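**Student:** In case you want the letters, here they are:
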Amino acid sequence: QVQEVINPSNEDDLLFEKLQTVDKLFKPVRNTREAALDSASLVNISELGKKKAQALKTDFLRFNAADFCDKVRIKLSNGITKSENYGLSHDDWVKLGNGITPLFKRTPVLNFMCGAFERDVAPKKKRPVKEKEAESDSSKVTKPTQLSSFEETERGELTTAQVEHLLKTLWRFYEANKKQPICFFEFVTNPDSYGQTVENIFYASFLVRDGHANVFLDEDELPVIEPMQKDLNDAAASARQDSSKKQQIVMTLTPAEWRQIVKEFKIEVPLIQPMKQQQQPTVLKESNLSNHSSSQETNVPYDGKGKGKGKGKRIHS
Amino acid sequence: MAFNPSQSQAMSQSQSRPGTEISDPVEKEKKVNELVQYMLIMDQKKIPIKKKDINRVILKGQNRAFSGVMEEAASKLLEVYGFKVIEPQDKLKDSYILVNNLELNDSQRKLIEVNEKDKGEMGLVFVVLAMVFMNQNVIHEDEMWHALKKLGIFQDDVHSTFGNVKNLIMKEFVRKGYLRTELNTSTDPPTNDIYWGQRALHEISKADILSTVCEITETQPANWTFQMQQVDQQEQAMQTQDDANNPAPGPSSSR
Numbered sequence: 594q595v596q597e598v599i600n601p602s603n604e605d606d607l608l609f610e611k612l613q614t615v616d617k618l619f620k621p622v623r624n625t626r627e628a629a630l631d632s633a634s635l636v637n638i639s640e641l642g643k644k645k646a647q648a649l650k651t652d653f654l655r656f657n658a659a660d661f662c663d664k665v666r667i668k669l670s671n672g673i674t675k676s677e678n679y680g681l682s683h684d685d686w687v688k689l690g691n692g693i694t695p696l697f698k699r700t701p702v703l704n705f706m707c708g709a710f711e712r713d714v715a716p717k718k719k720r721p722v723k724e725k726e727a728e729s730d731s732s733k734v735t736k737p738t739q740l741s742s743f744e745e746t747e748r749g750e751l752t753t754a755q756v757e758h759l760l761k762t763l764w765r766f767y768e769a770n771k772k773q774p775i776c777f778f779e780f781v782t783n784p785d786s787y788g789q790t791v792e793n794i795f796y797a798s799f800l801v802r803d804g805h806a807n808v809f810l811d812e813d814e815l816p817v818i819e820p821m822q823k824d825l826n827d828a829a830a831s832a833r834q835d836s837s838k839k840q841q842i843v844m845t846l847t848p849a850e851w852r853q854i855v856k857e858f859k860i861e862v863p864l865i866q867p868m869k870q871q872q873q874p875t876v877l878k879e880s881n882l883s884n885h886s887s888s889q890e891t892n893v894p895y896d897g898k899g900k901g902k903g904k905g906k907r908i909h910s
Numbered sequence: 015m016a017f018n019p020s021q022s023q024a025m026s027q028s029q030s031r032p033g034t035e036i037s038d039p040v041e042k043e044k045k046v047n048e049l050v051q052y053m054l055i056m057d058q059k060k061i062p063i064k065k066k067d068i069n070r071v072i073l074k075g076q077n078r079a080f081s082g083v084m085e086e087a088a089s090k091l092l093e094v095y096g097f098k099v100i101e102p103q104d105k106l107k108d109s110y111i112l113v114n115n116l117e118l119n120d121s122q123r124k125l126i127e128v129n130e131k132d133k134g135e136m137g138l139v140f141v142v143l144a145m146v147f148m149n150q151n152v153i154h155e156d157e158m159w160h161a162l163k164k165l166g167i168f169q170d171d172v173h174s175t176f177g178n179v180k181n182l183i184m185k186e187f188v189r190k191g192y193l194r195t196e197l198n199t200s201t202d203p204p205t206n207d208i209y210w211g212q213r214a215l216h217e218i219s220k221a222d223i224l225s226t227v228c229e230i231t232e233t234q235p236a237n238w239t240f241q242m243q244q245v246d247q248q249e250q251a252m253q254t255q256d257d258a259n260n261p262a263p264g265p266s267s268s269r
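For the protein sequence lines, the chains are A and B, in the order given. Here this note's numbering is used: the first residue of the first sequence is 594, the next is one more, and so on. Here this note's numbering is used: the first residue of the second sequence is 15, the next is one more, and so on.
Every clue listed holds true.
Below are the PhoX-like pairs computed for lysine-lysine, each with C-alpha atoms no more than 25 Å apart in a straight line:
1. Lys688(A) - Lys133(B)
2. Lys644(A) - Lys163(B)
3. Lys190(B) - Lys688(A)
4. Lys163(B) - Lys688(A)
5. Lys131(B) - Lys163(B)
6. Lys163(B) - Lys664(A)
7. Lys163(B) - Lys668(A)
8. Lys180(B) - Lys688(A)
9. Lys180(B) - Lys664(A)
10. Lys60(B) - Lys688(A)
11. Lys59(B) - Lys688(A)
12. Lys688(A) - Lys124(B)
13. Lys645(A) - Lys163(B)
14. Lys664(A) - Lys133(B)
15. Lys131(B) - Lys688(A)
16. Lys668(A) - Lys131(B)
17. Lys133(B) - Lys668(A)
18. Lys131(B) - Lys664(A)
By construction, these hints were calculated from the structure, which means they are not laboratory data. The model shown is predicted, which means the values in this text are computed figures rather than measured ones.
With the sequences and hints as input, model every part of the structure.
**Tutor:** In structure tokens form, the structure reads like this:
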């Protein structure tokens, strides 16, 4: 529409008409806003008027951009009037470029004769591959260590792991029990398995032997167990340990006695979770942890003092 | 003869500031050569090479030695490659472009490879520059797009050869220095007015544009009074520059 207005050859004097309309509108103007709009449209009209005047020019020839482009097209198609709608083809543009490039003082660009070398692609490929290899390597590495430890262990190292586990459990319950010694039987007994109970006692004896735990009789003459902080610097502690070491007891536990203990102490859930399945020496730390966490969840919270409970149960039986 | 509008300075003319040279001649030579290589490679994009990039990449802290190093690099580029280093003014200040200083004949030109994409783009550059000049040094954006339709270019379409033409003309060509745009706020919404860029002023003469346009439109240059005035002005400016550069009387060269 703008083009129509500017084109001087256009018969209808659109610009003048618009000017007249604006002039008429100006009369009833009262507010500033309207006056601003008015002046904006006047500016617009005068701009267009200027363009129109320019287009008129005193030149013998008038330049019209659209006409020029049309002529470019015609020139490139060698006078063969193609349909106007197609414009220039890719080849036409190249042809035009060829013709006018000599006119430009454009510097030729530097290109490498053999092209650029590729840098980043290779390392990226290597990295994921390396990572995968590294992963598989480490997993392979862990497997041998697992297997080797299995072979080495047999019973030796396996026992150590179990003992570790027991000690950790003991500490946990000790803390939960407000650092009061725990009833021995409640600690070691596994209501589901006699064998496991015996094993627990076995491991507990190791703890005592090494000074990690202390078993003694409480006021009610019931055995209780408490974990010991093995501190070599503390003379008193080591003295105590020495004295406790000097005592040896032999404990027997028949299946019948076990059942009785389960009944009387009302032990429902084993305090010490067996590590994975029995007789399967899996030394994976992860499973230990999961056992710990599961035991934390499933275990009945150890409340009350060991002695009290035991006593209470005794009475009831 | 190379065309040298008075507004820009060819680097070979500038004076280096005293006391800021690189003392070790071997190192200076090395930096100069690095700068030459750097500029040749950066020229691939045809985007003006920024002074701050040169400082960062080549000089690395010895920024004060810039003018000395640039002066020597420019003279190497001129003598070895036939390239003139130009520092544009205004918006493009503190950047440098390379302009071909050699006049080649047809058979020589054939040796220089220009890829098709660049050829096509130069064709478009030519059309736009021609329109701006013939329209008396400025054209309104809308008018330009209106005209380009005749060549199958539409500002909102993706062109088969040029892709995003609007971006190409309004951003790329401006970036390279072929065009310059100014925002015109008198329209609603504001549009751009398009002028010749500084690279265009160095790379092509108005006389050449006029003669080519006349070839295309089958008219005579003499009939375009305003444009002829422009051509004359330019040639006079060129003449003055030449006289300033070459004090000895020499044959005047006009196209």
